[in-house]
Amino acid sequence: MINIIGAGLAGLSAAMTLAEHGIECTLISAQNSERAQSVLAEGGINAALDTMGEGDTTELHFEETMRGGVQLADPIAVRALTENAPDVVRKLASLGVPFNRNPDGSIMLRSFGGQRKKRTAFAQSSTGKMIMTSLIDEVRKYEARGLVTRFPHHTFVRLLTENGECTGVRVSDNYTGKMYDLHGTVITAGGGLNGFFPGITTGTVTNTGNITAVMFAQGVKLANLEMIQYHPTTIGIPGKRCLISEAARGEGGRLFSEKKGDELYFMEERYPELGNLMPRDVVSREMFFELRDGRDTFLDMTGIPADTWQNKLSDLRKEVMDYMILDPAEDPIPVEPGIHYFMGGIYTDPSHRTSMPGLFAAGECACIYHGANRLGGNSMLGAVFGGMTAAKSAAQNADKSAGADCSEFTGKDAFAVTHSAVFASETCRILSSGLGIVRNESGIKKALAEINALPCANDTETARKAVAQAMLYSALGRTESRGAHFREDFPETLVNFRQTTVSEYNGGTVRVTFDDIPERKTDDSNDRDTAAEKPYR
Amino acid sequence: MIATIEIQRQKSRTDKPYKQTFAVDTGSRATVAELIERINSEQIPEDPVTWERSCKQKKCGACAMLINGRPRLACDARLYEYGEKPIKLAPLKKFPVVCDLMVDRSTMFENLKDLGSWLEENSGEDLTGDAYEASRCLQCGCCLEVCPNFYAGGKFFGAAGLSPSSRLIAVSEAGDRKRLYGEYGKHFYRGCGKSLSCKDICPAGIDTEHLMVNSNAAAVWKRKFRAGKKK
Ligand SMILES: Cc1cc2nc3c(=O)[nH]c(=O)nc-3n(C[C@H](O)[C@H](O)[C@H](O)COP(=O)(O)OP(=O)(O)OC[C@H]3O[C@@H](n4cnc5c(N)ncnc54)[C@H](O)[C@@H]3O)c2cc1C
Ligand code: SF4
Ligand code: SF4
Ligand code: FES
Chain V
1 MINIIGAGLA GLSAAMTLAE HGIECTLISA QNSERAQSVL AEGGINAALD TMGEGDTTEL
61 HFEETMRGGV QLADPIAVRA LTENAPDVVR KLASLGVPFN RNPDGSIMLR SFGGQRKKRT
121 AFAQSSTGKM IMTSLIDEVR KYEARGLVTR FPHHTFVRLL TENGECTGVR VSDNYTGKMY
181 DLHGTVITAG GGLNGFFPGI TTGTVTNTGN ITAVMFAQGV KLANLEMIQY HPTTIGIPGK
241 RCLISEAARG EGGRLFSEKK GDELYFMEER YPELGNLMPR DVVSREMFFE LRDGRDTFLD
301 MTGIPADTWQ NKLSDLRKEV MDYMILDPAE DPIPVEPGIH YFMGGIYTDP SHRTSMPGLF
361 AAGECACIYH GANRLGGNSM LGAVFGGMTA AKSAAQNADK SAGADCSEFT GKDAFAVTHS
421 AVFASETCRI LSSGLGIVRN ESGIKKALAE INALPCANDT ETARKAVAQA MLYSALGRTE
481 SRGAHFREDF PETLVNFRQT TVSEYNGGTV RVTFDDIPER KTDDSNDRDT AAEKPYR
Chain S
1001 MIATIEIQRQ KSRTDKPYKQ TFAVDTGSRA TVAELIERIN SEQIPEDPVT WERSCKQKKC
1061 GACAMLINGR PRLACDARLY EYGEKPIKLA PLKKFPVVCD LMVDRSTMFE NLKDLGSWLE
1121 ENSGEDLTGD AYEASRCLQC GCCLEVCPNF YAGGKFFGAA GLSPSSRLIA VSEAGDRKRL
1181 YGEYGKHFYR GCGKSLSCKD ICPAGIDTEH LMVNSNAAAV WKRKFRAGKK K
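Quick mapping for you: the protein sequence lines, in order, are chains V and S.
Just so you know, this note's numbering puts 424 at position 424 of the first sequence, and the rest follows in order with no gaps.
For any residue, its number in this note's numbering is found by taking its place in the second sequence, counting from 1, and adding 1000.
By construction, these hints were calculated from the structure, which means they are not laboratory data.
Every residue gets a Cβ at the ideal spot worked out from N, C-alpha and C, and that includes glycine.
Certain hints may be false.
Stated by the list, open to error - Part of the chain V face toward chain S, derived, beta carbon under 7 Å:
#1 E34
#2 R35
#3 V39
#4 S94
#5 M130
#6 T133
#7 R140
#8 K141
#9 V205
#10 T206
#11 P238
#12 G239
#13 K240
#14 C242
#15 A421
With these hints in hand, go ahead and build the complete structure from the sequences.
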């Protein structure tokens, strides 16, 4: 038996892949798939389908993904991702995802940040929801056939382990409070760490981050935790940041800053080639500097043609009108960067194995494809392709646990008690003070001192505190600037730091080290390496 | 403003419901979802109200509940819409209560299994042009709450079954159609009284009437449907 934790894009994709191979699995999630963060994804999914007559190639997709991630991702994994991307998107289309189409019926592609070719397949500005609806139906087929068994209102409690190997997962039923032990190989697809920043990210409340925290406490290694993506264009709405998709700029939206009537289209001015569509780390940093100079930042979508609004961005327009009482087709809207995505997470190899045998990871919880900065449109791709790959790898592991079963656990489990809202908001306050868009040693150290002094009321809080410490130690240890990690005291990108930041928890202490990235397999001249270290500045 | 919120609570399915009233000092643009969060963390952290939410932006359907008797998404309900009157929160009535405002909507997902809501073959082109609209359904259950003909455990699945059906009818190829058309007839067409309460209530603004017209034409009247097709 294979147990999948999380039923967003990555979990569904893993379940579908296993079922297609006739392998039984469970699909565990705190809520039904319709409530997963994946339904929020808007702008699209990347694949070098080359349907726009621009001569796009998977090689270029590879290069731009590596470059966008400032060479920190594992090139072997990125190669597999980008080469398989066209098949992934075609597969989704075959499930009925209503991608926007060209007049000849081929899948239409739009421009997205950090990419010189149109490469992002989309369904208006609700691409995630559209893909989720189709994948949910596809998995339902296998539920009806008994291949997929859902545990759709069940919260992760802990991994079951034997001699350092993962042998299953303990879950708790949100409806009854009963706990169950599900034995067998585990794929975790529990989503990103937004729960460490409650109220100030674009994600969902459901992704508390507890899965990753407890796994960390149980000895699973995490990586690149300092790499937190701030999306350049978000707006404040009750209780959270709301994303204004990069599609807005992909379709012609322009950023400008303003002070006392003086308007500056700062991205176009400073980055003539990609302009508003520079990778997110660069755009958010520029916005940060504008805001620090007392200039307000705006997104100007007034030049977008009416038919684009209607056929490609109707949902986005409606959302802005709802929340801002402003029509973005008529007026520029005030926007600011907000926490959006976590490049870091569970340390994962190209076959989606984690550091713990028997445990695999896919989707946003895994650190694998995005290096120091994720390109828009690559994470849905990473989630779907990652789910497929993790499923195949896990299937090879699974025979060991044949005859697996599910049994009720009637004892007490310290991880069944969750963290308090106050603990979460304190952690959030401290982490945001140290891990902003622009960082420095004294800020990080101050945050560390505060985190170290934070009292914990239960084991879950202790586990969360360890992750928070690991985030800060990672940021402190990386004395360079790369992608989303910008140190004003160390602004250079250093070749020596082309290394993965690895966090480990052992005997109550957090240890952060740097691991070499596997060598690039092909055409990797030293020249290109050096150039890549200073990609955009 | 001081908002007054009355919440119907219930420890479990079998416990007796009771009401608790709270006063919260807040702005009129606050949402009901925000208020519940604040009440839980500021006023009753020892005994918080159990409820479901996830996206907080009207896109996941988790937070559906009765607000002054009408099914709505709590993250979509703004205080100014209710004036000075107290706001009354209760769990959806057509589903069993788990605890407080949390209900067990499993029946909706079981229904979709009974409906055979999936494709056996690869999809074709969007026949009715409805694939996008129909795919937007949140499976929130608001439509079922107001539907005169829906009850949990019955054969009729309401608009929460119509939307997935319409998606599949739109994109299916010949090999899937007979099955999908049959299930649509059995679990939707024959039971629907066309009162369209579902259309007025749907928080995603899904035009259920439009989906019905097109799906009926394709599945029941077997018309070749080209009208709404994308250019
Ligand atoms: C607003 C927004 C817009 C985006 N737009 C795009 C885009 O246009 N293109 C793109 O490529 N990417 C986009 N992304 C990113 C992308 O959507 C996500 O990275 C991706 O969908 C993550 O999928 P996932 O399967 O890993 O996780 P999720 O979809 O987050 O799923 C996590 C699953 O884990 C479950 N879970 C969580 N905690 C627990 C627990 N403790 N116990 C049990 N289950 C649990 C949840 O219930 C859920 O089922 C966007 C993200 C956001 C927030
Ligand atoms: S039209 Fe009326 S009977 Fe039919 S699904 Fe909608 S509410 Fe129910
Ligand atoms: S049709 Fe509308 S009201 Fe009914 S479940 Fe879907 S989104 Fe909710
Ligand atoms: S929390 Fe997602 S719809 Fe309200």
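Hints and how they fare:
1. E34: holds, 5 Å
2. R35: Holds, because the Cβ-Cβ distance from R35(V) to chain S comes to roughly 4 Å (cut-off 7 Å).
3. V39: holds, 6 Å
4. S94: holds, 4 Å
5. M130: holds, 5 Å
6. T133: Result: holds, 4 Å to nearest chain S Cβ.
7. R140: holds, 5 Å
8. K141: holds, 4 Å
9. V205: Where the cut-off is 7 Å and the nearest Cβ of chain S is about 6 Å from V205(V), the hint holds.
10. T206: This interface hint holds because 5 Å falls under the 7 Å limit.
11. P238: Holds: closest Cβ of chain S sits about 5 Å from P238(V), inside 7 Å.
12. G239: holds, 5 Å
13. K240: holds, 5 Å
14. C242: Interface hint status for C242(V): holds (6 Å vs cutoff 7 Å).
15. A421: Since chain S brings a Cβ to about 5 Å from A421(V), closer than 7 Å, the hint holds.
When held up to the earlier numbered hints, the structure conflicts with none and fits them all.
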